[in-house]
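**Q** Note that the protein sequences, when read in sequence, are chains A and B. Mapping to our numbering: the first sequence position 156 is 389, numbers consecutive. Mapping to our numbering: the second sequence position 35 is 36, numbers consecutive.
If you are wondering where the hints come from, they were derived from the structure by calculation, not from laboratory data. Wrong hints could be hidden among the right ones.
As the list claims (entries may be wrong) - Computed cross-link-like contacts, SDA-like style, restricted to lysine to any residue with a CA-CA straight-line distance of at most 25 Å:
| hint | chain 1 | residue 1 | chain 2 | residue 2 |
| --- | --- | --- | --- | --- |
| 1 | A | LYS370 | B | GLN99 |
| 2 | B | LYS29 | B | LYS210 |
| 3 | A | LYS402 | B | LEU70 |
| 4 | A | LYS402 | B | LYS105 |
| 5 | A | LYS402 | B | GLU101 |
| 6 | B | LYS91 | B | LYS29 |
| 7 | A | LYS265 | B | GLU101 |
| 8 | A | LYS245 | A | LYS370 |
| 9 | A | LYS374 | B | ILE153 |
| 10 | B | LYS210 | B | LYS105 |
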Amino acid sequence: MQQTGSSTRSGKVAPPSGELASIVNQCYQCGKCSAGCPVAPEMDLLPHQMVRLAVMGDVDRIVQSKSIWLCLTCHTCGARCPNGIDVPALLDPIRHQILRGNIETREPQVPAFHNAFMKTVRRFGRVHELSLIGAYKMKTKTFFDDMKLGWEMFRRGKIHIMPHSSKRKAEVRELFNKSSMK
Amino acid sequence: MEISYYPGCTLTGSARELDESFRAAAGKLGLTLKELPDWTCCGASSAHMVDEFLETALPASDLMLAQQLGLDVVAPCAACHLRLKAAAIKIAQDEQLQAEFPFKGEIKVLSGLEMFADEDRVAKLRELTAKPLQGLRVVPYYGCLAVRPPEIVEPDDPENPMQMDRVLDALGAEVVDWPYKTDCCGGSLALTRTDMVLKLSRKLLDMAKLVEADAMVTFCPMCQANLDTRQEDISRETGSLYQIPVLYVTELMGVAFKDLRVRTWFGKHMVSPEKLLASKGLI
């Protein structure tokens with residue numbers, strides 16, 4: 234892709250390539266994605282703006298946005314786009330590069346949650362909600378949020394102290410070893 | 002008829018009432034669920050965010066288990082269903098993945114709704130209904146992943162799905178039409194941006210109140226947990242009382258079938274539906 238004014242760009246994160254690029258390039262800025270996005274009022278870059286920046290090869294602005302982590306992956310944009318552009322599908326490879334490159338982000342608690350989630354899967358083969366919440370709270374130092382709710386859920390038998398691990402957890406670990414989350 | 006069963010992590014924890022009521026309803030319909038032996042996590046809403054290989058590899062290993070059983074597989078959780086189905090599509094398109102996960106695509110991946118909303122089964126649900134849910138005004142809430150991405154999930158209609166409506170109608174409930182069937186409740190940011198999630202959930206609850214629904218009905222464990230657990234916070238923030246029960250459609254099947262276990266399931270809700278159902282003479 235032809236990039237203009239690339240001197241201001243870090244080059245740390247690559248713009249979309251291959252098939253994804255040819256889909257994203259069809260955007261004609263109708264704004265339907267932003268009209269239907271449930272978190273648009275909270276976003277610093279709207280979905281159609283992120284698509285435009287990706288077309289222009291200016292992914293750094295997406296990387297530095299809050300929006301990349303506020304996207305709920307609800308796929309409303311993709312379901313309604315006349316050109317079949319699903320914004321989460323555009324954002325996923327950028328998110329991967331941010332995590333792999335340890336690039337600083339706004340809204341760091343969101344990737345912290347996903348990392349904590351994947352770590353419990355790596356460890357037990359399944360999600361253990363208590364370990365996940367514990368790891369997330371350690372990372373984000375939000376120990377006292379939702380304490381009452383946690384207790385109410387525990388009382389109702391919804392949170393287990395002990396993890397249910399799968400007998401195939403070694404197999405799962407093998408899969409992780411082939412990924413970027415070794 | 003035998004179907005293999007992928008409960009997924011949430012159904013062993015925060016959505017146990019979905020697991021129990023789903024198994025009960027399937028049994029009543031004469032379906033034998035064979036739980037996939039030693040299934041592992043599908044990666045849910047996190048794997049696709051962090052790694053492209055794991056996004057497909059985690060659910061692919063579960064698809065391989067279902068293939069070994071040679072049975073179609075049903076995943077009640079909307080996120081699990083999406084991940085399994087997306088993996089099946091990716092494998093079919095990618096030779097390298099195919100070499101690693103030789104999934105042939107001969108078995109089907111079914112959502113819970115798809116399994117129950119089949120025409121013959123809806124007729125059977127109607128037939129089995131011993132206690133019609135008369136006078137119970139419900140709004141069907143499908144959420145996101147039960148209908149999107151439509152090319153993967155393949156719902157009957159991504160903007161106005163009708164599968165749950167048909168099931169609820171068969172159980173005798175008064176199904177109320179409303180505009181937020183497929184609007185997002187914010188579930189994926191439940192712990193990370195609770196402030197935003199409260200706004201999104203409140204929007205749905207307000208609309209349910211506006212159309213005078215007695216309860217919201219869903220099939221998605223993330224939507225249920227989110228809407229059920231956040232009403233106390235929303236009440237505190239707004240100063241007005243939010244107490245709308247959020248039920249799984251399979252729990253209402255239990256009510257219609259006069260299953261005595263319903264009280265155990267309802268005991269797991271934050272907003273208990275017991276008072277409401279008792280006032281309508283349904284339990």
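**Q** Please go over all the hints and tell whether each is borne out by the structure.
**A** We went through each hint and held it up to the structure:
A distance of roughly 38 Å separates the Cα atoms of LYS370 of chain A and GLN99 of chain B; the hinted pair therefore is violated under the 25 Å criterion. Simply put, LYS29 of chain B and LYS210 of chain B have alpha-carbon atoms about 33 Å apart, too far for the 25 Å limit, and the pair is violated. Among the hinted pairs, LYS402 of chain A with LEU70 of chain B is consistent with the structure: their alpha-carbon atoms are about 20 Å apart, no more than 25 Å. Distance hint between LYS402 of chain A and LYS105 of chain B is fulfilled; the C-alpha atoms sit about 24 Å from each other, no more than 25 Å.
Distance hint between LYS402 of chain A and GLU101 of chain B is fulfilled; the C-alpha atoms sit about 18 Å from each other, no more than 25 Å. Only pairs whose Cα atoms come within 25 Å are accepted, and LYS91 of chain B paired with LYS29 of chain B is rejected, the gap being roughly 35 Å. Annotation: proposed proximity of LYS265 of chain A to GLU101 of chain B is violated, straight-line Cα distance about 39 Å (limit 25 Å). Annotation: proposed proximity of LYS245 of chain A to LYS370 of chain A is violated, straight-line Cα distance about 29 Å (limit 25 Å).
A hinted pair counts as satisfied when its Cα atoms are at most 25 Å apart, and LYS374 of chain A with ILE153 of chain B does not qualify at roughly 37 Å. A threshold of 25 Å between alpha carbons decides the hint, and for LYS210 of chain B with LYS105 of chain B the separation of about 47 Å lies outside it, so the pair is violated.
This entry does not satisfy hints 1, 2, 6, 7, 8, 9, 10, going by the numbered hints stated previously.
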